[in-house]
Amino acid sequence: MIVENGEVILSVRDLRAEVDGVEILKGLNLEIKAGEIHAIMGPNGSGKSTFSKVLAGHPDYTVTGGEVIFRGGNILEMAAEERARAGVFLAFQYPLEIPGVTNLDFLRVAYNSHRKHKGLEELDALDFDDLIQEKLEVVKMNPAFLSRSVNEGFSGGEKKRNEILQMALLEPKLAILDETDSGLDIDALRIVANGVNQLASAENAMLVITHYQRLLNYIVPDYVHVMEAGRIVTTGTKELALELEARGYEWVREEEAAEVGAR
Amino acid sequence: MSVEVVGKDLKLVSADREAYFARLLQRVNQRVSQGDEKWEWLQELRSRAAALASEGALPSTRDEEWRFTDVSELLRLNLQAAEPVDVPVESVAALSLPEAAQSRLVFVNGVFAPHLSEVAALPAGVLAGNLLGGELPVGIEEYLGKQSGGEEVFAALNTAGLTDAAVVWVPKNVAVAAPIHLLFVGAAGAESFIVQPRCLVVAEHGSSVTLVEHYATVGMGCPDKPAARPYFTNAVTEIWAGENAEVTHIRVQREGAEGFHVSRGAVAQARNSRYSCYAVSLGAKLSRHNLEVFQTGEGTETTLNGLTMIVGEQVADTHSVIALNHPHGRSRQLHKCIVDDRAHSVFNGKVFVPKAAQLTDAAQLSRNLLLSSKARVDTKPQLEITADNVKCSHGATVSQLDAEEVFYLQSRGLSAADARNLLIDSFAGEVIGQIPVYSLRKMLSRCVGCRMDSWE
Chain A
5 MIVENGEVIL SVRDLRAEVD GVEILKGLNL EIKAGEIHAI MGPNGSGKST
55 FSKVLAGHPD YTVTGGEVIF RGGNILEMAA EERARAGVFL AFQYPLEIPG
105 VTNLDFLRVA YNSHRKHKGL EELDALDFDD LIQEKLEVVK MNPAFLSRSV
155 NEGFSGGEKK RNEILQMALL EPKLAILDET DSGLDIDALR IVANGVNQLA
205 SAENAMLVIT HYQRLLNYIV PDYVHVMEAG RIVTTGTKEL ALELEARGYE
255 WVREEEAAEV GAR
Chain B
376 MSVEVVGKDL KLVSADREAY FARLLQRVNQ RVSQGDEKWE WLQELRSRAA
426 ALASEGALPS TRDEEWRFTD VSELLRLNLQ AAEPVDVPVE SVAALSLPEA
476 AQSRLVFVNG VFAPHLSEVA ALPAGVLAGN LLGGELPVGI EEYLGKQSGG
526 EEVFAALNTA GLTDAAVVWV PKNVAVAAPI HLLFVGAAGA ESFIVQPRCL
576 VVAEHGSSVT LVEHYATVGM GCPDKPAARP YFTNAVTEIW AGENAEVTHI
626 RVQREGAEGF HVSRGAVAQA RNSRYSCYAV SLGAKLSRHN LEVFQTGEGT
676 ETTLNGLTMI VGEQVADTHS VIALNHPHGR SRQLHKCIVD DRAHSVFNGK
726 VFVPKAAQLT DAAQLSRNLL LSSKARVDTK PQLEITADNV KCSHGATVSQ
776 LDAEEVFYLQ SRGLSAADAR NLLIDSFAGE VIGQIPVYSL RKMLSRCVGC
826 RMDSWE
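Sequence order for the protein chains is A and B. Following the working numbering from start to finish, the first sequence increments by one per residue and tops out at 267. Following the working numbering from start to finish, the second sequence increments by one per residue and tops out at 831.
Bound conformation, chain B alone (with noise of 0.2 Å):
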């Protein structure tokens, strides 16, 4: 009898992740300018993405690529689509960052908030704005929704619900010196609510920029503490790097305490191009960042630098793919964990080197810190090689805070606290000290710091 009631209620389980995309979409979606001739295409490339994401179905764990990850959490929230919420621009000055006061766009809950940006830094020429407040980038079309893997459900959900975006545009031979700050702000409301935050990168040949993405909350406290409802952000950023450009991006996940995050990173790099990624994942009760880099040239660079740190329940995917296609391509990523309590971080990093891709020299290592015996971590470092002339390594570590280390320290007079917290803070020191924006840097050595001394 029993038997039968648990078959029944994982048919109806079944029957509700197939349907969840198209119900969402139908909750939640609205229209836009509709009959504008200037948006059709926008309206055929939502129309598309919103065909593709009603036939997915919400991944379960027998998903290879969601095993670790359970999102069916979602089945049970009731989202509506986000408020719009006015946010005065002292609640945001804590998130603000010095190098980047005028290059700042702010969304606050996927919608833009003209009164809290400003652009006044930028060189000639060079354009960032929301997509549907400025004059369109010529060629804006080949780009939006156009990279590899956009069928992709959730970044399907995110295209076919694309109402408004941040764009970036850097003409050829522009160097933008100010980090340009792309701060997505959610605010709570009434009701749990979804909000897709959409990034639109074009670096174009020999230009280079450097780019804050930033998730955070106003409203709702501290991100360590839980928020009122859950909400759900599931943001799509696409990166074009031109010809020998250069594209420095820093992301900041720091979702509210009852958050679920889900974002998809897809960077396009032509030849000899440069971009050097550091994700930093310290918020949501859940988070699933997939990053995907495609080389289309030879002689490209990528370092992909990771730091994951949870604490209580939180559990944090991080699966990236770095997909060499061409000779001489160098690439770099280190992976770094540091998990608490009963948290849970996931990782899965692959680097796919065909054989078109010889003399490739890709490096990647994951490098994990558990804190409590009830911490978790699953690891993942996968190479595939084709090619026969290539220098490839990867490697994974999980380790404990050292006890001689920390005896050590105390025998030079530090407390127990102080030692571990000196050692965690050098671990995760490794990702934050390279993040090439002082201010930023500061941000998340006293979020690092706040979240150890809630430890003690």
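So here's chain A without its partners, still in its complex pose (with noise of 0.2 Å):
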């Protein structure tokens, strides 16, 4: 929803960032505002994964150049769990499997290190269950779950729905979702969407990044952004995912390329 006057909650300008010497995001800009959802798409190897990982402060990425204001402050120099802290969440595109390790305490280990940074007391194991218990609701997981470790044996669509399971537990005010989607049947898709949809509101923005045109018919996005050779080319409303569904990625670059030219 676009919202009158909302926060900024991400300001990037001019970003460039390299993993091993290449440089895969080359001067991308994006804003957005609370209440927003925003959706990036564009083809493989446009740096879409790049940039999720880059804001969420993945250390195999370096930024050249540029700025990222979250709500206020330069996030660049904030460690990878500082921006978790301050609400910057990022839904993997192949969460990992941590054997050994149970998804409730997991959770309850994430959960606590955000209400320390809060200087609220951090929760027991009876009050966590009961907060959880309430969480699991939000994208129909099974209870069992919780007591295996984290995503080991899951199904592709039980790991998505984990990690919507701890957005929903750590109620970022910034919401990456890399490729969510990908490899998930139609119900699993529904019920991930769903539970993205309610936890959407007028005070955090969701950043969608996707391949596919089929996840914005449930989740609809406020803009849609396609990211071409590490630049965001274009932007638009959810029309333009119907388009770039219909003519392919080709006709966006060709429009670029036409521009360019007119100038």
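What the hints contain is simulated information worked out from the structure, not anything from laboratory work. C-beta: ideal position from N, C-alpha, C; glycine also. Keep in mind that the hints are not guaranteed to be accurate.
Taking CB as the label site, the calculated pair distances span [unchecked claim]:
hint : chain 1 : residue 1 : chain 2 : residue 2 : range
1    : B       : Glu-805   : A       : Asn-78    : 51 to 59 Å
2    : B       : Tyr-813   : A       : Asn-78    : 46 to 54 Å
3    : A       : Glu-81    : B       : Arg-717   : 31 to 39 Å
4    : A       : Asn-78    : B       : Glu-688   : 53 to 61 Å
5    : B       : Asp-391   : A       : Gly-157   : 55 to 63 Å
6    : A       : Asp-133   : B       : Arg-717   : 21 to 29 Å
Only pairs whose alpha carbons sit at most 25 Å apart, straight line, appear in this in silico DMTMM-like list of lysine to aspartate or glutamate [unchecked claim]:
hint : chain 1 : residue 1 : chain 2 : residue 2
7    : B       : Lys-749   : A       : Asp-189
8    : A       : Lys-139   : A       : Glu-125
9    : B       : Lys-817   : A       : Asp-133
10   : B       : Lys-725   : B       : Asp-753
11   : B       : Lys-521   : B       : Asp-753
12   : A       : Lys-139   : A       : Glu-126
13   : A       : Lys-37    : A       : Glu-81
14   : B       : Lys-817   : A       : Glu-125
15   : B       : Lys-817   : A       : Asp-128
16   : B       : Lys-413   : B       : Glu-465
17   : A       : Lys-30    : A       : Asp-18
18   : A       : Lys-144   : A       : Asp-189
19   : B       : Lys-817   : A       : Glu-11
20   : A       : Lys-177   : B       : Asp-793
21   : B       : Lys-413   : B       : Glu-510
22   : A       : Lys-177   : B       : Glu-780
23   : A       : Lys-37    : A       : Glu-162
24   : A       : Lys-122   : A       : Glu-101
25   : A       : Lys-120   : B       : Glu-780
26   : A       : Lys-144   : A       : Glu-162
27   : B       : Lys-755   : B       : Glu-440
28   : A       : Lys-177   : A       : Glu-27
29   : B       : Lys-547   : B       : Glu-517
30   : A       : Lys-122   : B       : Asp-753
31   : A       : Lys-144   : A       : Asp-133
32   : A       : Lys-120   : B       : Asp-793
33   : A       : Lys-177   : B       : Glu-465
34   : B       : Lys-817   : A       : Asp-131
35   : A       : Lys-120   : B       : Asp-800
36   : A       : Lys-139   : B       : Glu-688
37   : B       : Lys-817   : B       : Glu-465
38   : B       : Lys-817   : A       : Asp-109
Now that you have both chains on their own, put them together as the hints suggest.
Next comes the structure, spelled out in structure tokens:
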């Protein structure tokens, strides 16, 4: 939802980043306000996932230029965990399996790290149990998954649901969903999208990275951006996604080339 | 010229190695109640062992069984017999297990400490005490010192110096509910000393018992901090699991930072018996644990779980043997090592499956986590199979902490250190979490946590 005079949650200016000496992001600009849902689409290799990792603070990516202001502060100087505690959440494209750590313990430790940061008392196991039962509803997750090791032996859909469960628990200001729809059947997609929609509010913002327009039937974006070669080249509304689906990315490239030629 | 000097040194060292055990025995061996008929058999056992040990040489890294573990430093220690040390009850409070408050035997520097021991909780007929103190179980001479492999030089040294022992005897069909805590405490004296703990456990037909064999120190501060003086623990434990008996054996080695620890566990498993071992090695400057399981009847189950967690310059070596010799045996072995700094862990696990052991189901896995670029792991899972109708597997992995896993946890708000610790804790937890004594699980988790804190 577009909110009148909404708080600027994220402001990215001329962001440049590289991995292993190869520049992937080449001057990316984006502004996201509270209440908004933004989608980033684009062909493979355009830098979508790199952008999400740079926002979350992955150590393999080096920012070489530009700035990322999150709620008024420069997050490029913050470690990944500090960004998380400040309210940035990345739902991973490939959530990791952590054998030996139960999902419940993982969720509690993560939740308490946020509580501690806010100066609140940590929740004990019993109180946390009540809280998590409530959150399970958001993604219709079977409580049995809490006592299993984190993501170990989970199906693709279960892993993505677990990501949204973490999001429901940590209540981020900015949620970045990196190809959360990839590999999901239609039922799982509905459950995941439904969970995201329940969490979207006028206070937070979502950045949905996807390959496929299909997801955007369920999570309706306010803005659709097209990424190409490390930059956002076109921005439109949800209709743009439909057009991309129908005409492919070549069309955007041609448009851009024509625009550049006209200048 | 310099070559000659080196050659001379080597020769000297080699002569020292050959004379090592004979000299040590002369220096430290005490006699037991000479002339007492009751102890004649023991005196004989000791004499035979003393002869064996005196002929043996201190192993060098040229011996295949000691390739990666150099015990030469023992040559430099002027070891004396351990002095008796009076240890107040409060000193061992931190080492006690509430589950075993009424089933505990404590030895201080090898000497039984009755004021620290308590065995009120044991069912009638169960004997738990020291060899010198109580009435001897009938037929004890058929068991003490009678396990295969006792001629190995360190085991022979222990037997040669055998004056007292912890003895646990569980009669037929008796189930002991409380774990029996065998606590061997080292207490620093004025000199470097040698202490030779000894355990004998006999679980008769259909009985069941849980043992906690525990090596620790008092008066030396935390085992992670350097102790006043080097010392040497040379332990032997013999376990006899009778037909259909169940023995759960937890072994915790937390010697002081200047300690040397060599130990041998020998287990004989009769038909249909179950033996589970959880061996946790955290302490000592250098440790070597030899564990040998001999199958003496069909249908046995053997579970060996090991966890080694070492830092600094520690060396921890585990050599295990599961010698199957009858059909339908089942064995499961998981050995995990967490190695930081310049520490070095060694694992050699042999499983023998000869022709007589058809329909054996054996699996063995060695998993190692290296936390520093200078840490070292030598691991050798080794299956020797001549039977042709068996199911056997083995494997080894060596890895570092996964940077992507650390990032995943950080992205959820955990600090890098907390993320690392959670991953290490879960790696250790696979072994610790299975230990069936709650307070010991807690104690060991704290040790793991304490050790991780010191890394930050």
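These are the hints, each one checked on the structure:
At roughly 41 Å, the beta carbons of Glu-805/B and Asn-78/A sit outside the given window of 51 to 59 Å. Checked against the hint of 46 to 54 Å, the C-beta distance between Tyr-813/B and Asn-78/A comes to roughly 48 Å, which is consistent with it. The supplied range of 31 to 39 Å is met by Glu-81/A and Arg-717/B, whose beta-carbon atoms lie about 34 Å from each other. At about 43 Å, the beta-carbon gap between Asn-78/A and Glu-688/B misses the expected band of 53 to 61 Å.
For the hinted restraint 55 to 63 Å between Asp-391/B and Gly-157/A, the CB-CB distance of approximately 56 Å keeps it satisfied. Taking the beta carbon of each, Asp-133/A and Arg-717/B are about 43 Å apart, not inside 21 to 29 Å as hinted. For a cut-off of 25 Å, the pair hint linking Lys-749/B to Asp-189/A is broken: about 47 Å separates their Cα positions. In summary, the hint linking Lys-139/A to Glu-125/A is supported, as the alpha carbons are separated by about 20 Å, within the 25 Å threshold.
Of the supplied pair hints, the one linking Lys-817/B and Asp-133/A holds, its CA atoms being roughly 22 Å apart against a limit of 25 Å. The suggested pairing of Lys-725/B with Asp-753/B holds, with an alpha-carbon distance near 14 Å, which does not exceed 25 Å. At roughly 32 Å between alpha-carbon atoms, Lys-521/B and Asp-753/B are farther apart than 25 Å, so this suggested pair is violated. With a C-alpha separation of about 18 Å, the suggested pair Lys-139/A and Glu-126/A falls inside the 25 Å cut-off, and the hint holds.
Pair hint Lys-37/A plus Glu-81/A holds up; C-alpha atoms about 21 Å apart against a cutoff of 25 Å. Distance hint between Lys-817/B and Glu-125/A is fulfilled; the C-alpha atoms sit about 24 Å from each other, no more than 25 Å. Restraint check: the Cα-Cα separation between Lys-817/B and Asp-128/A comes to about 18 Å, which is no more than 25 Å; the hinted pair holds. Pair hint Lys-413/B plus Glu-465/B does not hold up; C-alpha atoms about 36 Å apart against a cutoff of 25 Å.
Using a Cα cut-off of 25 Å, the hinted pair Lys-30/A and Asp-18/A holds, with the two alpha carbons roughly 7 Å apart. Only pairs whose Cα atoms come within 25 Å are accepted, and Lys-144/A paired with Asp-189/A is accepted, the gap being roughly 16 Å. At most 25 Å may separate the alpha-carbon atoms for a hinted pair to count; Lys-817/B and Glu-11/A exceed this at roughly 48 Å. For the given pair, Lys-177/A sits about 23 Å from Asp-793/B by alpha-carbon distance, which is consistent with the 25 Å threshold.
Distance hint between Lys-413/B and Glu-510/B is fulfilled; the C-alpha atoms sit about 11 Å from each other, no more than 25 Å. Annotation: proposed proximity of Lys-177/A to Glu-780/B holds, straight-line Cα distance about 23 Å (limit 25 Å). The suggested pairing of Lys-37/A with Glu-162/A is violated, with an alpha-carbon distance near 30 Å, which exceeds 25 Å. Between Lys-122/A and Glu-101/A, the direct Cα distance comes to roughly 28 Å. Violation of the 25 Å bound is thereby established for this hinted pair.
Taking the CA atoms of Lys-120/A and Glu-780/B, the gap is near 22 Å; set against the 25 Å cutoff, the hint holds. Distance hint between Lys-144/A and Glu-162/A is fulfilled; the C-alpha atoms sit about 10 Å from each other, no more than 25 Å. As the CA atoms of Lys-755/B and Glu-440/B are separated by approximately 12 Å, the hinted pair is consistent with the 25 Å bound. Restraint check: the Cα-Cα separation between Lys-177/A and Glu-27/A comes to about 28 Å, which exceeds 25 Å; the hinted pair is violated.
At most 25 Å may separate the alpha-carbon atoms for a hinted pair to count; Lys-547/B and Glu-517/B meet this at roughly 17 Å. For the hint linking Lys-122/A to Asp-753/B, the alpha-carbon distance of about 46 Å lies beyond 25 Å, and the restraint is violated. Among the hinted pairs, Lys-144/A with Asp-133/A is consistent with the structure: their alpha-carbon atoms are about 16 Å apart, no more than 25 Å. A distance of roughly 13 Å separates the Cα atoms of Lys-120/A and Asp-793/B; the hinted pair therefore holds under the 25 Å criterion.
About 53 Å separates the Cα atoms of Lys-177/A and Glu-465/B, which puts this hinted pair outside 25 Å; it is violated. A hinted pair counts as satisfied when its Cα atoms are at most 25 Å apart, and Lys-817/B with Asp-131/A qualifies at roughly 22 Å. Proposed proximity of Lys-120/A and Asp-800/B is supported: the alpha carbons are some 21 Å apart, at most 25 Å. Among the hinted pairs, Lys-139/A with Glu-688/B is inconsistent with the structure: their alpha-carbon atoms are about 47 Å apart, more than 25 Å.
For the hint pairing Lys-817/B with Glu-465/B, the CA-to-CA distance comes to about 20 Å; that is within 25 Å, so the pair holds. For the hint linking Lys-817/B to Asp-109/A, the alpha-carbon distance of about 16 Å falls within 25 Å, and the restraint holds.
Violation of the numbered hints given earlier is confined to hints 1, 4, 6, 7, 11, 16, 19, 23, 24, 28, 30, 33, 36; the remaining hints are satisfied by the structure.
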